[in-house]
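J.: The residues making up each chain are set out below.
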Amino acid sequence: MTHVVTENCDHCRFTDCVVTCPVACFHGDDKRIYIDPDTCIDCSACIPACPVQAIVEEFDLTDERREWLTINAERSRVLPVISSKQTPLATADERRRELGL
Amino acid sequence: MTYASVASAPGELVVIPSTCSECAVHCGSLVYVRDGVIEDVKPNPAHPLSKGAFCIKGLKGPTGLTYSDKRLLYPLRRVGERGEGQWERVSWDEALDYAADRFAATRETYGPLSLVGVCNNANVARGVAVVMLLRSLGSPNWMINQDLCGGCRAVSSRATGLDITRGEDIDNARSALVVGRNSYEADPIEWIALKGLKKRGGKIVAIDPKNTPVVSIADLWLRPRPGTDAALGLAMINVMIEEGLYDKDFVERYTHGFDKLRERAREFPPSRAEQLTGVPAADIVAATRIYADGPSTFVSGHGIDAFSAGVQTFRAFHCLVGISGNIDREGGNRRVKKPKGFLDNLQVVHSLKFRLPREIEEKTIGADKYPLWAGPRGWQTACHNPSVINAILSGAPYPVRAMYASGANIVVTYPNTPKTVEALRSLDFLMVASDTMTPTAELADIVLPKTTALEEDDIRLQPGGPLITMTQAAIPARGEARNDLEIALGLFEKMEARGAVTKNFLPWKTEDEFIEYLLADSGVTLEELRRQGYATYPFALENFEKFPSPTGKVELYSEAIASVGVDPLPNFVAPARDHSAPDVKQNYPLTLLTGDREKTYHHSRFRDQPWAKKISPDPRLLIHPDTASAMSVTDGQWVRIETAGARGSCKAKVKVTDATPEGVVSTGMGWWRPGSMLPGSGAFDVNINAAMTYDGPWDPISGSVDSRGVRCRIVAINDIPTDAAHL
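Chains as they are written, first to last, in our numbering: chain A, 1 to 101; chain B, 1 to 727.
Certain hints may be false.
[Claimed, not checked] No farther apart than 27 angstroms at their CA atoms in a straight line, the calculated lysine-lysine pairs in the DSS-like style are these:
id : chain 1 : residue 1 : chain 2 : residue 2
1  : B       : K653      : B       : K585
2  : B       : K353      : B       : K546
3  : B       : K363      : B       : K353
4  : B       : K260      : B       : K248
5  : A       : K85       : B       : K614
6  : B       : K260      : B       : K546
7  : B       : K51       : B       : K195
8  : B       : K655      : B       : K614
9  : B       : K338      : B       : K509
10 : A       : K31       : B       : K614
11 : A       : K85       : B       : K546
12 : B       : K51       : B       : K337
13 : B       : K655      : A       : K85
14 : B       : K42       : A       : K85
15 : B       : K338      : B       : K546
[Stated by the list, open to error] Heads up, incomplete: computed chain B residues facing chain A, CB under 7 angstroms, no partners named:
id : residue
16 : I56
17 : P213
18 : R498
19 : W611
20 : K614
21 : I615
[To be verified] Covered stretches of chain A (chain B as the covering partner; in silico rule of three or more C-beta atoms under 8 angstroms from a C-beta of chain B):
id : region
22 : 20 to 33
23 : 69 to 76
Derived by calculation from the structure, the hints in this document are not laboratory data. Note that the Cβ used here is the ideal one computed from N, Cα and C, for glycine as well.
For reference, chain A alone in the conformation it holds in the complex (with noise of 0.2 angstroms):
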């Protein structure tokens, strides 16, 4: 059991949720971050601070969206964790009014 961040993250890659995190679990590339499973300990502090709610919980994943699973799990193992704050992506602003967020 997890949390993981989802599609709600493209293009966004706000990366407030980094600062809230007291284990520093979140990876991330050049286009979005992950959770690493096993480094995560299900404080859930993270999910209001993402402003496009892309953080799940695991128990709460859609079965389309159990996908995230292995994607956050195997991305976060080859990148470099990221524990400040980060300049959004330019199109994090026009994702977010498409998410209606």
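Position chain B against the provided structure of chain A, taking the given hints into account.
T.: Below, chain B alone, put in the same frame as chain A:
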């Protein structure tokens, strides 16, 4: 007052090792302070028990409450009608003088027993201060919320003489038996331990009518009809005995009443349990075999507590643990380990030094009907709450006319909100201490500002470590807030000046003095606790001597329960709803579960916190898709929940999910709308207790009411209620 960052230089960042006390799990924390202001609260990865486990309310809650714009900072005196919300700021001296005049007058007119205290429980120093104040004034009457929380399990464990809590050594177990416990939401330490168990190939058996994250990692899920768990426990005892899987040596040497238990368990073969619970007999057998292949840790929760058969249900599982021999062995359930000489808060409450005469304590409200709950023989000695509410309203068995409630929001947390409010309104005097204005404080004559967990010191024993841990005052109290001991001492002094005290049971002048009193000559020092936030101490396992029961053994047949005329063997008691009249069954076709845990909230707290509202903005009602369709409700729709015989109702937002069985709906508790214009700040509107009764049936031992497993119906509300629209 002492606080941990007092000696820091200007601009210096101080990291204070402390313990989160936003719920009873008590994860180790690090509090970051600069210039007397909290910058952050984080988990303490070096903590030997929590090892970095934490949750959002620990991260956000303490700071959110301390710096809330709704924080109470000064004493207030009511100027309008009760509950009208008109206040004047007064000094502490004025507030306490005003209160003491009224408490003393009530005491003079009706006698000391007419005064009643309210706190959460006396496992914490805050509660002990309230108890000792009331006893000093001559009253044994004080209320705790444990009949609605962990009371049944505590009374059962005590009556069995088991001396265990729950989940103390999952790290060394081969399997865990998790009953009615959603560790994912309720206990980060336990949750991480269960995940660890799973990862290393251990087995998990989950017993729960609801599909929870624990169920999702379980190897076997037993899904009983709500409230029938005792039959499962008894059938597991049956299997364990009939298959010879119990610990014969342990049973022979250290238990009392095995033959009688075996006889009782014979009445519950798995086939009968299947009929009673709906769980396939083969699964009951399989679960027993997993549990018997120990060492195994029993993990229990609120799901089988707080209802009218709660004690017998826990007795069944505690007896199962007893015959399994998984007691005080590595990977089992550890007996509570205290450093020699250490006193825990509850021991102070029971200490002969701090007691009123027995004939007075026997008058504790509820002690006549529930002597193992209320009064001198009781678990905490506190009252039976619904009997107190009745005494306030009826004057029987004697008048209760003035109340001091500290840190307890009983308008929201006690069942039957309309009745609680009626009772509080009828009091001659009500004083409430709180860190924020609550629906309970709104009804007070005097409201006192209380410190938060970042501004007060407290220590406690954590059996899971075992550890002594400390929550440290990290910063000075904001405004004029005071801690419970200071409030109790302040009122005591005023009462003493009016000749209105019975005896001084408050010998401690500061929190430090109280903590030193608990630590005594245990070898654990306050200095060590301040430096680390915790203290370890040596302990030995396999202590099978002197179990805390009348016979000194694990009492499968409980002499204590026999002595109060109740069935001394664990038994199955069918849920009260099974015996409802036909018209009630027809009009209330669903079964209501309450108390769903959410990480964001703890009881009625944090309801005004933006981070919490973002995750969980509204009370939810979980409903199975087929039931939703039969009731013509859809996901996201608001409904009104009504139960048979209740005065009020509760609104909630439907979530359609197969996490709850057909015909069973499930919701949380503790909802209100801080700052809203609704009557009682939403306590009548979104609070499930508005839709419940506190009038029984009650557990014959703990006096617990059915706070779940009751009949209900739901009525769709077509318009979104205005109280929800503000979001």
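J.: Hint by hint, say whether it matches the structure.
T.: Status of the hints after comparison with the structure:
Among the hinted pairs, K653 of chain B with K585 of chain B is consistent with the structure: their alpha-carbon atoms are about 24 angstroms apart, no more than 27 angstroms. This hinted pair checks out: K353 of chain B and K546 of chain B have alpha carbons roughly 23 angstroms apart, not beyond 27 angstroms. This hinted pair checks out: K363 of chain B and K353 of chain B have alpha carbons roughly 19 angstroms apart, not beyond 27 angstroms. In summary, the hint linking K260 of chain B to K248 of chain B is supported, as the alpha carbons are separated by about 15 angstroms, within the 27 angstroms threshold.
Taking the CA atoms of K85 of chain A and K614 of chain B, the gap is near 21 angstroms; set against the 27 angstroms cutoff, the hint holds. Between the alpha carbons of K260 of chain B and K546 of chain B the distance comes to roughly 21 angstroms, so the proposed pair stays at or under 27 angstroms and holds. At roughly 14 angstroms between alpha-carbon atoms, K51 of chain B and K195 of chain B fall within 27 angstroms of each other, so this suggested pair holds. For the hint pairing K655 of chain B with K614 of chain B, the CA-to-CA distance comes to about 17 angstroms; that is within 27 angstroms, so the pair holds.
Distance hint between K338 of chain B and K509 of chain B is fulfilled; the C-alpha atoms sit about 25 angstroms from each other, no more than 27 angstroms. With a C-alpha separation of about 26 angstroms, the suggested pairing of K31 of chain A with K614 of chain B holds against the 27 angstroms cut-off. With a CA separation close to 57 angstroms, the supplied pair K85 of chain A and K546 of chain B exceeds the 27 angstroms bound. Distance hint between K51 of chain B and K337 of chain B is fulfilled; the C-alpha atoms sit about 20 angstroms from each other, no more than 27 angstroms.
Restraint check for K655 of chain B and K85 of chain A: not satisfied, since their Cα atoms lie roughly 34 angstroms apart, outside the 27 angstroms limit. Our distance criterion of 27 angstroms between C-alpha atoms is met by K42 of chain B and K85 of chain A, whose separation comes to about 18 angstroms. For the proposed pair K338 of chain B and K546 of chain B, the alpha carbon gap of about 15 angstroms is at most 27 angstroms, so the pair holds. Restraint check, I56 of chain B versus chain A: the minimum CB separation of about 4 angstroms is within 7 angstroms; hint holds.
The interface hint given for P213 of chain B is met, as the beta carbon of that residue sits about 5 angstroms from the closest beta carbon of chain A, less than 7 angstroms. Interface restraint check for R498 of chain B: the shortest CB-CB distance to chain A comes to about 49 angstroms, outside 7 angstroms, so the restraint is violated. Residue-level restraint check for W611 of chain B holds (minimum Cβ-Cβ distance to chain A is 5 angstroms; threshold 7 angstroms). Checking K614 of chain B against chain A: minimum C-beta separation of about 4 angstroms stays under 7 angstroms; hint holds.
For the restraint placing I615 of chain B at the interface with chain A, the shortest Cβ-Cβ distance is roughly 5 angstroms, inside the 7 angstroms limit, so the hint holds. Chain B is given as covering the region 20 to 33 of chain A, and this holds because 3 residues of the stretch bring a CB closer than 8 angstroms to a CB of that chain, at least three being needed. Look at the region 69 to 76 of chain A against chain B: 0 of its residues bring a Cβ nearer than 8 angstroms to a Cβ of that chain, fewer than three, so the hint is violated.
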